[in-house]
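Count along the sequence shown from 1, add 15, and you get the number used in the numbering used here.
If you're looking for bench data, these hints aren't it; they were derived computationally from the structure. Keep in mind that a hint or two might mislead.
Claimed, not checked - In silico DSS-like cross-links for lysine-lysine, where the CA-CA straight-line distance does not exceed 25 Å: (1) 162 / 115; (2) 191 / 115; (3) 175 / 191; (4) 392 / 87; (5) 221 / 175.
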Amino acid sequence: MKEKKEAESFWNEVLQPKLKGYVRPFLIPLLVLFLFLFLPPLLVLAYYLQDRPAFDADSLLSMQATSFIYDKDGELITALHGEQNRIPVSIEEVPENLQKAILVAEDLRFHNHQGIDLRAILRAFFTNVQDGGFSQGASTITQQLAKNAILSPEKTIQRKIHEAFLAYQIERRYTKDEILEMYLNWIYFGHGAYGVQAAAQTYFNKDIRDINLAEAALLAGMPRRPSFYSPIHNAEAASDRRSTVLHLMIQNGLITQEEARMAASEPLPQQVHINSLQYPFPAYVDYVIEELTSRHGYTDSQVFRGGLHIYTAMDRRLQQKIEEVLSSEAFFPPNSSDQLVQAAMAVIEQESGLIRGLGGGRNYDGVRSFNRASQLKRQPGSAAKPIFVFAPAMEAGFHPNDILPDSPINFGGGYVPRNYDNTYRGHVTIRQAVAQSINVPAVYLFRHIGPTVGVDFARKTGLPMEGEEPYLSLALGGMTRGVSPLQMAGSYASMANGGIYNEPHAVTRIVDFQGREKPIVPDINRVLSEVAAYQMTDMLVTAVQSGTGTRAQMNRPVAGKTGTVELPPIAEFRNLRGNKDAWFVGYTPELTCAVWMGYDRTDRHNYLRQIYGGSYPAAMFREVLNSALQDRPVQAFARPAEVLHAAGDFIGRSASASTIPSDGASTASAENDSNSSTASTDSTASSSSSSDSYYPSSTSRYSNSSSTPPANGSTSSPTNKAPSSIDNSTSLSNEEAKKLAELWNNVPAVPDLGNDSGSPTKSSTSPPSTSKPTEPAPTTKAPTPSDFLNNTSNVEKKGTEGGLED
16 MKEKKEAESF WNEVLQPKLK GYVRPFLIPL LVLFLFLFLP PLLVLAYYLQ DRPAFDADSL
76 LSMQATSFIY DKDGELITAL HGEQNRIPVS IEEVPENLQK AILVAEDLRF HNHQGIDLRA
136 ILRAFFTNVQ DGGFSQGAST ITQQLAKNAI LSPEKTIQRK IHEAFLAYQI ERRYTKDEIL
196 EMYLNWIYFG HGAYGVQAAA QTYFNKDIRD INLAEAALLA GMPRRPSFYS PIHNAEAASD
256 RRSTVLHLMI QNGLITQEEA RMAASEPLPQ QVHINSLQYP FPAYVDYVIE ELTSRHGYTD
316 SQVFRGGLHI YTAMDRRLQQ KIEEVLSSEA FFPPNSSDQL VQAAMAVIEQ ESGLIRGLGG
376 GRNYDGVRSF NRASQLKRQP GSAAKPIFVF APAMEAGFHP NDILPDSPIN FGGGYVPRNY
436 DNTYRGHVTI RQAVAQSINV PAVYLFRHIG PTVGVDFARK TGLPMEGEEP YLSLALGGMT
496 RGVSPLQMAG SYASMANGGI YNEPHAVTRI VDFQGREKPI VPDINRVLSE VAAYQMTDML
556 VTAVQSGTGT RAQMNRPVAG KTGTVELPPI AEFRNLRGNK DAWFVGYTPE LTCAVWMGYD
616 RTDRHNYLRQ IYGGSYPAAM FREVLNSALQ DRPVQAFARP AEVLHAAGDF IGRSASASTI
676 PSDGASTASA ENDSNSSTAS TDSTASSSSS SDSYYPSSTS RYSNSSSTPP ANGSTSSPTN
736 KAPSSIDNST SLSNEEAKKL AELWNNVPAV PDLGNDSGSP TKSSTSPPST SKPTEPAPTT
796 KAPTPSDFLN NTSNVEKKGT EGGLED
């Protein structure tokens, strides 16, 4: 205790005062030295780090990566990439030789530092001082990753400080294998190849897992100066660099002398294998991109740079056939000017809604061109009648053999729609109206069921009805904005699929670069009863067998409808007779197809001359579907058990026929289903019906002797009178015949359906394509067939203008 006190006393009284005397003179100089030597670098470091980029782990994972599109069989269609062709792979897929080669070439002490290699920095500093330049770098693989993934490539002190800071952050967050994997997927190898997988495909046309030692050494030497060490542009430098890497691998005991000698003797690649921006099947691929961005929420950047694996429903053989047909002059009329007659088509598998093929047009060059299959907006003409009129009518309880008036009728505002041949048959079945594409009965029935009923049905089947008012013109396809072939095929597919609408879609699976799958859930809704859908199919079969669509006949059941849109009644087309658009939309029990034909810009010199939906479009339909189904067995349309062929309600019973009675016009002239003043025969039409009939046919109950068409040039107006003869051989009772005659005798020659009192509604008399009535027709309750039996006042309901085509 005494010794301890003595020691403390000695320190306090002797040593401490002496030390203070020695230290005090050096304190201020030491402080000044610290301020000048250490504080400025610390302040500089703090200055540069104050605006350092935030470390975002996702930015390392969201690298630009090439996406891939596959067909229905999982076969690759094409690769999509923006300015960076990158295909991420896992570290397990990278050969060990390449991993070792990269490490010896870029960062030998990779596994021994924490993102910053102080030893390498000092070595580089002294080397550069000796050389008098900056020949030696000291960036680690982690720093290079930070630079490539997060920072800009500029060479500044600030960027180097940020790089070191981010490298430390990365090392804290990820394992060494994860960092090396990200680096191998990020780095640039020249010729547009980012990452080792794209580099292997670009230089060797093989997968990364298949490269050998010589190829691994060549790739490992390139990241430092990709352009200079390109084996294509600078073979000597590339060969020397490869030898350097091999020598480093020998020094570090990674390979033997003999392995290095054999690798160094292998020839360098002589060409690169670069995916062109022009991809195969461009119309289909363009639509896939369109669907991904518009329906599934992907951006263009994600599609082209997101490393997606996109699986589609494309049938390669069918798609090839579509492109073959669109490139064949045999399926197009001769050109009358420098502008090509265009066409587009869409093929859907109705049971699933899968889009099996698309044709975007003639000479379609892809790379996001105007895709007529999905982006076209044209009026569909009479091809819209089944959607707006007849399918809703079947759903409301009508039957294909129910009777409709066919005579000049004023539906209000002076709107008196014409039939394509200026012929009026007095009365027709709904089946006959569909098959021969007769306008007046369609407008009459559309008005009777209520236009909004038809509009609602069209909307449910995928047609774009925004901004479309429920005018009577819709019965004849007079839409404001128009439709595309894909939309028409999707709408018809609901009838082909027993009344169930499957939203058309091309994409079936999407897997991102991390292996996560995005679910694809298309809309599926029942829009028609099974019976109503079959009734529509049955009538559309008649249209193909003996109506306006005979050129679509095949050696299997086919249902379909033609549509032709006349030139609009404007000054530019004065004294011209021709058409603007021609359609055929139809289906077999397996596939639904819509075909459009027309000019991109219709003018006085470019319009369809005697081209109708039943001519070239129907032939294209037949050619494509015949090819698509050639190896599949013939099957019939499934008929519901409740369907009875001989049903019908007009007056007691109605015709049970499925064939079209002769009315003085041949089936060839019937193919002209546009609204022209005189029937015109398409020389390409088939005048005979199919010999492969899958449906029973018989004679119509009612004859049409009073409906002989007027001679060409006749100025007399047809009148609507009772049939001059009624065929009673099919058990039409005297009471029924009397009631039928009374019905037609009570209808005026040109009845006015303006409103309930018989006066016209206030509406425009201009053509429907250029104006709309000021007041849309009010909706009436959808009637039942019995309304026709006991109520002739149906002739006097509200109407509106419309009708510009077949």
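Hints versus structure:
Taking the CA atoms of residue 162 and residue 115, the gap is near 22 Å; set against the 25 Å cutoff, the hint holds. A threshold of 25 Å between alpha carbons decides the hint, and for residue 191 with residue 115 the separation of about 14 Å falls inside it, so the pair holds. A C-alpha spacing of about 21 Å is found between residue 175 and residue 191, which places the hinted pair at or below 25 Å, so the restraint holds. This hinted pair does not check out: residue 392 and residue 87 have alpha carbons roughly 28 Å apart, beyond 25 Å.
About 36 Å separates the Cα atoms of residue 221 and residue 175, which puts this hinted pair outside 25 Å; it is violated.
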